[in-house]
Every structure is written in C-alpha cells, then in structure tokens.
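2 protein chains.
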Amino acid sequence: MAEEKQIPYKIYLEEQEMPEAWYNVRADMKNKPAPLLNPETLEPMTAEELGVVFCDELVKQELDNENPYIKIPEEIRSFYKMYRPSPLVRAYCLEEKLQTPAKIYYKFEGNNTSGSHKLNSAIAQAYYAKNQGLKGVTTETGAGQWGTALSMACAYLNLDCRVFMVKCSYEQKPFRREVMRTYGAQVTPSPSETTEVGRKILKEHPGTSGSLGCAISEAVECATGMEGYRYVLGSVLNQVLLHQSIIGLETKAALDKYGVVPDIIIGCAGGGSNLGGLISPFMGEKLRGERDYQFIAVEPASCPTLTRGKFAYDFCDTGMVTPLAKMYTLGSGFIPSASHAGGLRYHGMNPVLSQLYADGLMEARSVEQTSVFEAAQMFARVEGILPAPESAHAIRAALDEAMKCKETGEEKTIVFGLTGTGYFDMFAYGRYNDGEMSDYIPTDAELQAGFDGIPKI
Amino acid sequence: MAEEKQIPYKIYLEEQEMPEAWYNVRADMKNKPAPLLNPETLEPMTAEELGVVFCDELVKQELDNENPYIKIPEEIRSFYKMYRPSPLVRAYCLEEKLQTPAKIYYKFEGNNTSGSHKLNSAIAQAYYAKNQGLKGVTTETGAGQWGTALSMACAYLNLDCRVFMVKCSYEQKPFRREVMRTYGAQVTPSPSETTEVGRKILKEHPGTSGSLGCAISEAVECATGMEGYRYVLGSVLNQVLLHQSIIGLETKAALDKYGVVPDIIIGCAGGGSNLGGLISPFMGEKLRGERDYQFIAVEPASCPTLTRGKFAYDFCDTGMVTPLAKMYTLGSGFIPSASHAGGLRYHGMNPVLSQLYADGLMEARSVEQTSVFEAAQMFARVEGILPAPESAHAIRAALDEAMKCKETGEEKTIVFGLTGTGYFDMFAYGRYNDGEMSDYIPTDAELQAGFDGIPKI
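From first to last, the protein sequence lines are chains A and B.
If you're matching positions, the first sequence starts at 1 in the numbering used here and goes up one per residue.
If you're matching positions, the second sequence starts at 1 in the numbering used here and goes up one per residue.
For the record, the hints were derived by calculation from the structure and aren't laboratory data.
Some clues are possibly wrong.
As the list makes no split between identical chains, a pair holds if one copy fits it or if it spans any two.
[Claimed, not checked] Derived DSSO-like pairs (lysine-lysine); straight-line CA-CA distance at most 27 Å:
no.	residue 1	residue 2
1	Lys-81	Lys-257
2	Lys-326	Lys-10
3	Lys-81	Lys-406
4	Lys-135	Lys-412
5	Lys-135	Lys-10
6	Lys-10	Lys-81
7	Lys-257	Lys-10
8	Lys-200	Lys-326
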C-alpha cells in the first residue's frame, strides 16, 4: 500500500523502454487460428496467392503461427517515437467519482493526429510496402480513423496513398476527409466511377451512399490493377494484431514497473485490432499457464459478433472477393444499423480472437449505445479526455466492473484500452446531448438472414 | 555532441518535476505594465472595482506586480496532472526534412480535449471561483478553444458554466459547441435575447452574426446580473500570463535537464496568453541580466497588432465596457477580416507583452495566411501533429529561422510553442487544400480608421 501511493497519474515509459519486438500470441496458442481459405478451391491460401494483394513481408507475418517475437524495424521504431510510448493512465479522478475500491487504469492511444491506435499498424504496413519498392497502397475507410492513420504513415514515407471512403462518411465527415487530404492522400467517395466494380454498383444502385464492402472491393481492384501498388487493411488480419501488440507490451511494461498485476483487462471489439493488441502479452501468460486474467471483449448490441454470432468460415467483406476466414461472424451480408460507433460495425472478428473466445479463454459482452454515450460523457467530465464512441464501449464495461467492486468491496485492478478520441464524432455526441439517440438490437430473424448468407463449407 | 545524441524525441518531466509555483514576470520588470484605468475617472482600477466582475483571488493576481512566484494550489496541480507535464518535442524529423543545422524543439500543449494551452488558465480561474463559493462563471468564446477549456474545468469542479459563443462560430463550428455541451456548459449564440445588451443589438442589427465584442458585453452583463457569478477571460489579462507561465517553466526545466540553452524562442501572438506564458521565465533571466535570448512574437498580417499598432490606452472590447489597458492596439473598433486563425483575431495585446515590446526586449513579425497553412501542412506530414492555425504562425517563423541557419551554417537552438491541434479547423484546411485560401493585409487607411477610435487620453 505504501508503494501504491507512488503511482503517478500517468505512467510514461522512457523511449528506450519501448518494446523492440512485437509479440505474436499465435505462437503460444495450442489451438491455432484456422488458415485463410481460397474461396474457389477451399484450400489454405498460399503466400504466392496472398502476395498478389498484400506486401510480401506482411504475408509472411500473416501466415506465421510459430515465432513468438518479431523484431520491429528501426525505421518503424523511429516513427513510433513521435507519439509513443503512449501513457498508461491511473484513473484517480474516475475512482474518486465512483467511490469504488477498484483500481482503474487505461492505456490511452489517442495522442496522435489519427486520433487512435490505428497508426501502430499503418506505419508498419506502409514501411513494408516502401521497403518492397512499391509506389503506393490502397485501402478503404469507414469511420475514417484507419484512413487518417494510413495517410499520415504514407506522408512520412513519401508513399502514394489512395483511400476509398464510404460515400455517406465522405459526405457526413468532410473534416475527416480534409485531414487525409492534408496528409496528401487521394480520397475517393465509394462507389466511384474510377473502378469497374464501382461503375457496376452505381449502375445497379444509382444514388447509393456506399458500404464498407463496396469500398473494399474498389480498393482491392485499384491495387491489383496498378503496377507497384498493394492493398492494406486496418483490422481483422492477424498481422494487424501483431503490430498492435505494442499496446499490450507497453501496458505490461508500465504495470510491471510498479508491481501492478491486473485482474481484468477490457477492450472494445470491432474487427479486433485494439482488443487483440492490448491483451496479447497477458493472454500469452495465460496460455503458458503462468498467470490468469479475466479478459472482456465489449461490442455494440447492434452488431453482436461474438455474443450472438456463429463460429464459421465466412468472407471478410460484403462483396465476397476476399479469402474465407474462420471467425465469429454475423454473415458478410449483415448490415449493422444506425450505430454511431462506426469502427465497431463489422460483421466478423479477427480469427485469433475468435479462436481464443471459442476456447473459453476470453469473455464477451454487448452494450447498448445510449449507455455507452452516458459512460463517455461521464468519463469526459471526470478524466478530461473526450473518448471515441468505439473506446467508450470499453469505458462502459470498466465502469460496470468498478461498480461491482463497490458492491462487493473487492479491490480489483481493472485495465482498459482507451483507443482514441472523439473529436470527429461530435455529430453523434450532439444527438446524445439532444436526447435524440436511440438503441437498436437486431431481432433473431434479422440475425438469421445474415447467417443464411454464410457459405456452407 | 556526445550528450546531444541522448536527447529523446520527447522530453517528459516526471510529475514531481512539475512546477509548484507560477512565475510572475512583472516582478522582474523595471518598467512595470501600466495599470488598468477606470474609463470614467481615468484613475487606476481598484481591487474593489475589479471584484465586481472578477473573482477576488484573480483580482489580487491581476494587480500583483511584485511577487515573482505564486504557489499553484494543490487542487490545480492535481488537475494539471491529468494532462501535464506536456512534452517538449525535439523535431528530429523536421530538422531532417529541412536539412538544417538548427536544433528545433517545440512545447506541445495540444494533448488535452480542449485542444490547446487554454486549459492551464481555465482550471485556475474556475478553481478560484469555486473556492470563493461562487455558483458559476460566464465567458465568451470565438474560435472555441477557450470556451471548451473552461467547460472542461467547470465540469471537473462541478461549477456552472455559461458560454456566449459568437453566433457565426456557433453555426459554423457546431462540433465545438457540442464538445462544450458534452462538458455540461450552457452555450448561447451571441447576440441573444437573454441579455439587455443582446436584445438591443438584435433590435439595431437584425440578423447580425455577432462579434467577440458583443459576446464579451453579454457575458459581463450575465455575470454581474446573477448572484454568485463572475466573468472570466482566456487571454489579454496579466493573471492569464501568470497561469500560462507553466508552459515556459516546464520548457525551461526540460531543456535544463539536457543542458540545452535556446537561442531563439518563438510564439504566436493573439491576446498574448501562450507567448507570454512560454517566454516568461526566459524573459526573467534576460531582465535580470543573467542570459540573453531572442524572442519573436508572430502575428497574422491581417491583424498586425504589434507590428503596425499603436502603444496607447484603449478598451479591451469592442463594446467599450471594460477598463482601459495600455497596450499595442489597432483600436477596439478594428474588425480583423477573413482570417481563419480565429484565436489571433484580437485588436489588442496583453499589457506585459506590450511593455516588453515597447522596451525593445522582444521582436515581432507578421506572416500571411497561405504561408502559415503551407507550414502547417508540411509540419503535419513530417512531425505527425496537425497544428491549429494559430500555432502554425509560430511554425512558420521557426521554419524561416531554421532555413536562415541552413544558409549561414549556424547551429542555433530554436524553441517554439505548439499551442494546439487543428481538429476543429478542418474547414480552413479544406480551403487551403482546394487552393481557395487568400491573404489579406489591411491598408494604412483601414488601420487609420481603427486608430481614430482609440480614446484620446
């Protein structure tokens, strides 16, 4: 308890304490994640097949289930130093407000212009593309955090960046678009006339406001159709989890410095990039039988991939052009409705996290939107930081766990991931402030329609 | 040079290294800033007179020209710890890009939800109001950073906060408004029907989009008309400079840790809050004859207060309801046109800085808007951070100085203040990205019209 008092509001690691290697949790998994399958042959995708779309080094990382540590290239560490190590914050003000005996920490990834943790993988993917001698990369973006992060990374490396932004986001979030343009990215509203698939969709659905699935298809076509370009993705893939493990490694290093051992680790879950990155090194300890932790994935009730989905092989995109991944899924045709947590509106879940959840190594819960914004507002007022709606899902669960501790008197240590800031989400905050926000939980029939689209393998 | 290599990308002080007292540069000034005058009697304003509008403790600080150090109350330090100490960044990437022998550092104040340094004074002013047993405070906001900062501080202290937001900003920056509302502030577009002065202006100018001067008048009327309320202000006043001295004190402590002595210190200048805070402790050394530094104030060419203004007694607001301050001024009737750096569009300048400039202890230069955004975009791409347009004025001057070093081969150490982020200024960035931004320099005749309104004393 004497040492307890020494814990500062923010634990910053020194730059030389920043991890030198990413941690690949797959190496410690007994049940490995199932391989990606070629949808035509139903055989595992080979490195050659994946290399048409993705950079060579990233394909290697995607397929690597054995090496526990993969060295972070020096150039990437240099870039990381512009905004990392990120602070691990002791939420003293929140604890005081809640009058809970729980000790609450959060790892804050929002202190960079992209506004989220996405930059950790963006710079890695851009670096490997540059290193392969490529001219540029293409991607899609919905909420816009990934597109912004990739634009920043490409500006730094002088790499061309082409972002297909879902048309409704392009129009509703013009400021996100301008951030990407300021970083030199070419931003195209999707569907567009610039690709075959875009023109086809526009012909079939004139006036459509687009979808993530369509934007993925356009970005892939754009990359494969141009010499010296590859496609990159900000979540779902195992390589992304690998890069994001820096979040968990730093969190663990900071806690270790003060001899703190968490009981519960909480992350919001869309495609899994933040959650997987945060829990990886702790999950490694659990898998190796060294220590036990409670892991909680928090997802929106409007898009309940883990809590109500199926564990099956499915397409990663709505357009059904990607390989098949074995994962928890609501069906690639499931359209999540009216949720403002744009970054969590994904029908599937990273295969590693899916396997861990299937094996009972991790819990999941879903929370409703208004209760998420209630938590976000309270957190902003007490801790100062205005959270992204996605991040606020984790805050909601952390508050709930802290209040349980208040009832039971348990002094649990809770760590959650605060993935980013909500500066570009003020439209949603405005709806909440005006009392105009509602909740939505899909019916069993609606989910069944999504499940019916899952390929029968 | 061996030690030089050890300097990290970001110098973070430990929490216990955070200053325990603000530094009051007035104590070391031979020529003190001239006192505020009562516009009716032309006698110096007394503490009693000021106490009608401002909190008692803040009046004491406003009038204190003698005490060099004023202890920061423990409650304020606790709040500071949520986002301070702020990093002093070594701009390695920028130096590399410019291929300059100059060593560039910037003190980054944007890592908090208010997005700027304004929070340093907002929490202090809110704390003293709370401590005096007040119910709430009123203020005005233009660009919105001050209003946001005050809302955050009041939410933390559970103090009522009423912000009069210039109507055109209220409508053009709805997201700024929503941030303030999320922190529980009552935000009223000004002019409004809620005050006498507001109703009068609306009657005389139906459909007006408001002005800062009008918003100040409404905020003052609102505060003085309600039991338990006072008016607070985010710049211009000497008390604000005092609170903002934490920027300079931390900067100096961080540099001292590595034995670095700056040659040039640069800050953007609107009302003077950031510039004064950043340079204060260094200016103290210069005033005491201990060390010499080159100080550069950077202002927009569209609102050239120091570079083309008069040093005279003038009103602090357009409505001419405030005391008279002796300062550089363009005349309280001067309307700065079409500049997007909203925070720098002020006709006057803090009296301390005005006196220092008049005494030749500080330089000033003005820069044009498009060259400021050019610097901002370049900085964003190289250093990652998307700067506020206000902050980018300092970047512009720092780049110019660094390029001079490249020509002469001098290895000067340049420090500038990066006051905040530009997330809520993407409309302006968009205009720049679209090539639609233009420059504006007022003619001598336009300036003369402003000077003609300065009271003859």
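Here's how the hints hold up against the structure:
Within a single copy, Lys-81 and Lys-257 get their C-alpha atoms as close as 20 Å, and across copies as close as 19 Å, so both meet the 27 Å cut-off. Proximity of Lys-326 and Lys-10 under a CA criterion of 27 Å is satisfied in neither setting, with 39 Å inside one chain copy and 42 Å between copies. Taking the closest pair of Cα atoms, Lys-81 and Lys-406 come within 27 Å of each other only across two copies (25 Å); inside a single copy the shortest separation is 38 Å, beyond that limit. When the C-alpha separation of Lys-135 and Lys-412 is checked against a cutoff of 27 Å, the pair qualifies neither within a copy, at 50 Å, nor between copies, at 37 Å.
In this homomeric assembly, Lys-135 and Lys-10 never come within 27 Å of each other (Cα to Cα): the closest approach is 40 Å inside a single copy and 31 Å across copies. For a Cα distance limit of 27 Å, the shortest separation of Lys-10 from Lys-81 qualifies both inside one copy, at 17 Å, and across copies, at 8 Å. Taking identical chains as interchangeable, the C-alpha atoms of Lys-257 and Lys-10 lie at most 27 Å apart whether they share a chain (13 Å) or sit on different chains (20 Å). Proximity of Lys-200 and Lys-326 under a CA criterion of 27 Å is satisfied in neither setting, with 29 Å inside one chain copy and 68 Å between copies.
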